[in-house]
Amino acid sequence: MQGFDITNPPFDRLSYQESAELRAGLDIGYYAPEEVIIPQGSPSDWLHVVIKGSVEVRDRSTVTTVLGPKDSFDSRALVHGAAGEDFVAAEETLCYLVPRRNVLALIHRNAAFAAFFYADVSRKLDAFAQQRKAEGMDSVLRARVGDVRYRAAVFVEGGISIEQTGHCMRDHDINALFVRDRQRVGVVTGMNLSKAVVLRRLPIETPVREVCHFDVISVDVEDFVFEGLLLMTKHNKRRLAITSNDQYMGFLEDIDILGLFAGNSQLIPGRIDRARSIDDLAAAARDIEAQVERLHRQGVKIDVIAEMTSDLNRRLLARVFEMTAPPTIQEAGCLLLMGSEGRGEQTVRTDQDNALLLDKDVPALDLIRFRDGFSEALAGLGFPPCPGNIMVRNPVWSQSLDSFIRQLKSWVLRGDAEAMMNIAIFLDAVAVTNPIDILIRAKRAMFELMWGEAALLARFASLIDTFATPNLGVLGTIMASVGAGPDEIDLKRAGTFPIVHGVRTLAIDKAILETSTASRIEALVKAGALEPSFGRELIGALHVFMEFRLRSQLYALHKGELESEALLRLDGISTVERDILRDALRVVRQFRDLIRSRYNPGGF
Amino acid sequence: MRRQLRNLFYRATLGDHAYRFLFEPGPMDEVVVLDCETTGLNPRIDEVIAVAAVMIRSSRIMTSEAYTAIIKPDRVLTPTSIKVHRLRARDVAEGRPMHEVLPELLRFIGGRPIVGYYVDFDVRMLDRYVLRYIEAKLPNRRIEVSEIYYALKYGGAPPGTVLDLRFQSILADLGIPNFGQHDAFNDALMTAMMYVQLRDMRQRGVRIGRERAVQQEAPIGA
Chain A
1 MQGFDITNPP FDRLSYQESA ELRAGLDIGY YAPEEVIIPQ GSPSDWLHVV IKGSVEVRDR
61 STVTTVLGPK DSFDSRALVH GAAGEDFVAA EETLCYLVPR RNVLALIHRN AAFAAFFYAD
121 VSRKLDAFAQ QRKAEGMDSV LRARVGDVRY RAAVFVEGGI SIEQTGHCMR DHDINALFVR
181 DRQRVGVVTG MNLSKAVVLR RLPIETPVRE VCHFDVISVD VEDFVFEGLL LMTKHNKRRL
241 AITSNDQYMG FLEDIDILGL FAGNSQLIPG RIDRARSIDD LAAAARDIEA QVERLHRQGV
301 KIDVIAEMTS DLNRRLLARV FEMTAPPTIQ EAGCLLLMGS EGRGEQTVRT DQDNALLLDK
361 DVPALDLIRF RDGFSEALAG LGFPPCPGNI MVRNPVWSQS LDSFIRQLKS WVLRGDAEAM
421 MNIAIFLDAV AVTNPIDILI RAKRAMFELM WGEAALLARF ASLIDTFATP NLGVLGTIMA
481 SVGAGPDEID LKRAGTFPIV HGVRTLAIDK AILETSTASR IEALVKAGAL EPSFGRELIG
541 ALHVFMEFRL RSQLYALHKG ELESEALLRL DGISTVERDI LRDALRVVRQ FRDLIRSRYN
601 PGGF
Chain B
1 MRRQLRNLFY RATLGDHAYR FLFEPGPMDE VVVLDCETTG LNPRIDEVIA VAAVMIRSSR
61 IMTSEAYTAI IKPDRVLTPT SIKVHRLRAR DVAEGRPMHE VLPELLRFIG GRPIVGYYVD
121 FDVRMLDRYV LRYIEAKLPN RRIEVSEIYY ALKYGGAPPG TVLDLRFQSI LADLGIPNFG
181 QHDAFNDALM TAMMYVQLRD MRQRGVRIGR ERAVQQEAPI GA
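Here the protein sequences come in this chain order: A and B. Using full-length UniProt numbering, the final residue of the first sequence is 604, and nothing's skipped along the way. Using full-length UniProt numbering, the final residue of the second sequence is 222, and nothing's skipped along the way.
Errors might be hidden in some of the hints.
[Claimed, not checked] Now the in silico label distances, taken between C-beta atoms and shown as ranges:
no.: 1; chain 1: B; residue 1: Met-28; chain 2: A; residue 2: Val-36; range: 19 to 29 angstroms
no.: 2; chain 1: A; residue 1: Val-36; chain 2: B; residue 2: Gly-156; range: 26 to 36 angstroms
no.: 3; chain 1: B; residue 1: Asp-29; chain 2: A; residue 2: Glu-307; range: 55 to 65 angstroms
[Said to hold, decoys possible] Going by beta-carbon spacing under 10 angstroms, a handful of chain B positions derived as facing chain A:
no.: 4; residue: Ile-61
no.: 5; residue: Leu-189
no.: 6; residue: Asp-200
Hints listed in this document are in silico derivations from the structure and should not be mistaken for laboratory results. All C-beta atoms in this analysis are idealised placements derived from N, C-alpha and C, irrespective of residue type, glycine included.
Build the full structure now, drawing on both the sequences and the hints.
Here it is, written out as structure tokens:
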């Protein structure tokens with residue numbers, strides 16, 4: 001069957017031989033409109049791949065997705081024995097039928113192909129992120145040794161003592177030296193010195209030529225990094241000498257190669273610490289931003305990117321605070337990052353949510369100067385201002401602990417959507433400067449205010465339906481299937497927000513102090529408020545949305561259309577990715593149901 | 001009526017009784033889609049050089065069990081025919097003689113109805129060989145897809161309506177992707193797809209709109 005497209009994922013993972021077998025086993029099925037192809041809960045003897053027409057995925061009476069040409073269904077029915085939803089032909093539809101036993105045989109033989117059939121959303125996503133990771137690795141290993149940021153060579157004479165050598169290492173802040181001894185050149189490392197003194201008990205006056213080694217393994221500055229890596233493996237060394245025209249230039253260390261791969265993120269904190277001005281910090285801020293894209297291109301997992309980025313951003317903001325806050329505020333104030341920054345889930349900067357809590361009164365003039373100075377400095381670093389004005393510039397978000405607790409109380413009493421949203425944002429706060437304990441005091445006060453207030457919790461939970469559109473993207477899908485317009489999904493509204501806010505609701509209920517959604521989920525599982533398996537699915541789904549969001553953010557950045565940063569065009573992603581997205585949306589639906597049944601927010 | 005009489009005659013005078021199965025009705029819900037590639041359009045002088053038959057079992061097209069064969073012709077291929085089906089002398093040289101292929105093909109078809117696009121032409125082409133080897137004509141019922149299409153689209157149309165029964169137009173009208181025409185298997189496959197959809201539409205009493213835009217090709221990779 002030549003018509004079957006084997007470049008369409010996941011079939012692109014098959015070898016030539018395997019795809020030939022697959023094609024040979026294909027039949028074609030025809031389905032009339034409204035014909036149920038796979039009923040919910042039933043197994044299926046075939047994997048269906050749509051040739052033409054469209055198939056509605058229905059959960060009870062809701063249409064959750066519409067599948068079109070090249071989409072396949074349903075891996076759950078095929079491998080796990082029960083379809084999660086009804087699959088119904090929406091028009092005259094033709095599908096390839098891949099027999100179950102053929103799919104199972106391929107799953108056993110081909111791990112990359114098998115990944116498509118994982119039950120677990122996050123595992124599936126990982127498996128498909130792996131491919132990009134390989135590309136990233138590739139480009140790194142094809143770099144030249146000269147591209148690595150290596151340290152310049154430092155030479156000492158073979159006659160100097162171990163003690164002098166040690167001082168020399170410290171002075172140059174380097175851990176390996178070249179040792180000139182008549183015609184020979186050797187290498188000595190800090191470890192050589194320690195072993196000589198500690199294990200062999202040599203006196204520290206011993207000449208260094210006695211403890212260095214002369215069988216230097218070297219790599220040319222023009223060589224590929226992978227050649228260096230091979231030499232390291234072959235000789236079991238973590239360090240190679242770099243030569244150029246037979247001159248020693250420096251050392252290539254395994255950590256340098258790692259740095260090339262991970263984008264030298266370990267250097268950014270140093271740059272932040274050494275910064276003397278806001279301009280210096282602006283350079284570091286740009287580095288952080290550039291790193292997000294590089295890590296993403298290299299296939300680093302989204303949770304790792306988010307963690308690294310928020311760690312660096314917190315350092316950055318702490319430094320801005322040090323530079324702009326008058327001494328009185330530095331002493332009494334605790335800078336808070338809230339919202340997605342507080343949860344450590346922001347990658348591309350979309351806004352700033354920050355606040356200041358003071359544990360004693362400060363001169364009014366200092367506070368006014370700080371409010372403006374800090375916000376201005378952040379704007380200078382490229383942080384867009386918060387559209388909801390949730391920034392230290394706003395007096396509501398920069399006040400003393402006591403008055404802030406009174407503020408919380410008034411929000412609780414008001415109980416309207418805006419007040420609830422403020423509470424939600426505050427719940428995500430992390431302290432980036434001392435004294436941290438005032439934040440914990442404020443949060444405990446808030447938990448007490450909310451404790452046992454079922455009606456209040458229900459109102460809080462009801463925000464989950466702020467963007468509730470039960471048939472997400474379906475209208476669009478139908479429009480697209482008749483060619484009426486591109487199909488888009490708002491990742492924030494359809495995915496991230498319901499998960500984040502639902503988890504936040506549970507966290508406030510159980511007085512959980514963690515701020516990141518993933519660690520809140522773990523804490524909720526530990527507290528018995530969530531099933532462990534569902535907790536894993538929820539984290540997986542969150543990462544799916546974060547991953548796709550980052551992708552569309554980077555795309556929007558390149559196109560200069562930031563307003564569309566949360567929109568994902570469904571025609572721009574592969575069928576496997578659409579399938580993963582579909583799984584993630586199913587998890588969100590389940591979670592909304594759980595929150596609704598637990599807090600009954602519909603009553604308001 | 002005429003065909004029934006004719007079939008009775010052939011059945012009685014059948015040269016080779018091993019082929020009696022052609023006259024037995026096939027399984028109720030099965031039909032066979034047939035397509036031949038030929039050296040030209042004249043059944044009297046042109047020859048069959050490739051044949052494909054695909055079975056349809058209820059609403060499943062059994063492509064995994066399709067029958068295909070390339071046939072070595074008795075005469076040299078003309079350049080005009082090569083342009084149509086892209087089978088060169090070298091390709092058909094690897095083919096097998098018709099007297100080997102035909103029994104296999106007939107066994108595959110059995111007594112099932114034969115579905116095709118201008119099916120009469122394909123059957124007439126085969127009949128030449130069938131007559132030569134077993135002294136009968138194919139008795140199978142024939143189903144013409146363009147006829148079903150005509151009925152659903154142009155049945156009761158006002159006089160003067162321009163008819164378009166081209167293979168391409170039917171494909172496009174039904175939204176079936178073009179897998180590449182003039183390959184016996186692909187042609188049989190696309191005809192099978194047309195047939196299952198047209199048969200279902202006829203059963204449900206759905207008509208094909210005459211104003212319906214024809215450019216509705218579904219995307220499909222080659």
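Under the constraints set out in the numbered hints, which ones does this structure not fulfil? Structure breaks no hint.
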